[in-house]
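Below, each chain spelled out in residue letters.
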Amino acid sequence: MFQGRGIVCERGERRIFSNLDFTIAPGGAAVLRGPNGCGKTSLLRIAATLLRAADGQLKWDGGDISEDIEAHRARLHFIGHQDAVKGALTVRENIALWANIRGDGEGRIDAALAAFDISHLGDTPAQYLSAGQHRRTALARLVASPAILWLLDEPTVSLDADGTACLQRVIADHRAARGMVMAATHIELGLDDAELLRLKPQ
Amino acid sequence: MKQLGAIIQRDLRLAARQGGATFLALVFFVLTVTLFPLGIGPEPAVLARVAPGVLWVAALLAAMLSLDRLFQADFEDGSLEQLALSGLPIGGVVLAKIIAHWLTTGLPLLLAAPILAVLLNMDDEGFAALMLTMLIGTPALSLIGAIGAALTLTVRRGGVLLSLLVLPLYIPVLIFGVSAIDAAVHGLNAKPHLLLLAALTVACLPLCPWAAAAAVKLSLE
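These protein sequence lines map, in sequence, to chains L and C. Heads up, the first sequence is in this note's numbering, so the first residue is 1 and it goes up one at a time. Heads up, the second sequence is in this note's numbering, so the first residue is 1 and it goes up one at a time.
Chain L on its own, in the form it takes in the complex (with noise of 0.2 Å):
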């Protein structure tokens, strides 16, 4: 259970959101929707701990994040706007990389590449890819390495339709196998039955 409590995000002095409530439970996802500028990238960054909220608290399980802020990042996937996609490595190389530095190994790699559609690609260096393959090897890390709970930030950027299918399958998938999902986006990731954030511009 992953819970946020009265968060205040403030950016520059600036309030952009305040005291905003979510509880995703396991299998259960949380879909953060408004206007750009409201805060829905800041809000998963805070979920990431990369940012510090103004104030507010939030519980994993009951527990204060904050007392264990690695063990919180390590069951956590991040997809920022940013691929981590280096050119010099393999598309295979840089999904392996990530697997490694988290300590899961290499086991899952032709699992992710299948995932997203990439295998054939798995030999291609990352600087040759456009900008959906290069999305797609970003996106194949969920599958490379579990995590139980899932911060996406516009997922399906530069995705394609077929893409943006992949995504879904694989989010289907980690929801079934209880994990948890929080994603701001503007395309139906099949997270219908979701909690909505709709967070305002203030």
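Calculated directly from the structure, the hints in this document are not laboratory data. A few of these clues could be false.
Under 10 Å between C-beta atoms, here's a sample of chain L residues computed to sit facing chain C [to be verified]: (1) Thr41; (2) Arg45; (3) Gly80; (4) Ala88; (5) Gly103; (6) Thr124; (7) Gly132; (8) Ala176.
Note that beta-carbon positions come from the ideal geometry of N, C-alpha and C, so glycine has one too.
Given the coordinates of chain L, work out where chain C should sit on it, guided by the hints.
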């Protein structure tokens, strides 16, 4: 530990793939040192006298030249964010990157130094001290430099600011490095200087990754 090893391996692999940029520090080191005989004349006695200082100053500048790549590339493509979220302590991530930096810049400088010392006609007695000071001192250059590199992450064209921050902090390394070699050349005991240099590096080992990690955290907010 295994995960930190994976970060070091990653940085070494990236350095190997990107080739040219990695050896920039080494090439800069060699070129700068070879400029001195052209600038101050070929008299062997003069060159031997200035050799320790020239080698260390050039090593300092060469190490500094490669610092802006330490975190910048990872910061720009989102990798630094992902490293911070890998569940490892950020201090550990930073230390792994510093070790990789030393292996790709400090170690080549260390290996090239004796060859350049011959070029500068340095006294035979100084070679052991030169290698020792380079071995003990160059890790401190990577460690101290990491603080500057982390602090200037969000600054556009932070290169100049980086050198202003880092060069003053390099002065102790320069002083003890050169004085150890000078002592050995003049038949004095180099050990006190080497011990002071070692103390400096040992003090940097926990402090610098910690400080750089704090700066990295701030830059990610």
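Checked against the structure, which of the hints given earlier come out wrong?
1, 6, 7 and 8
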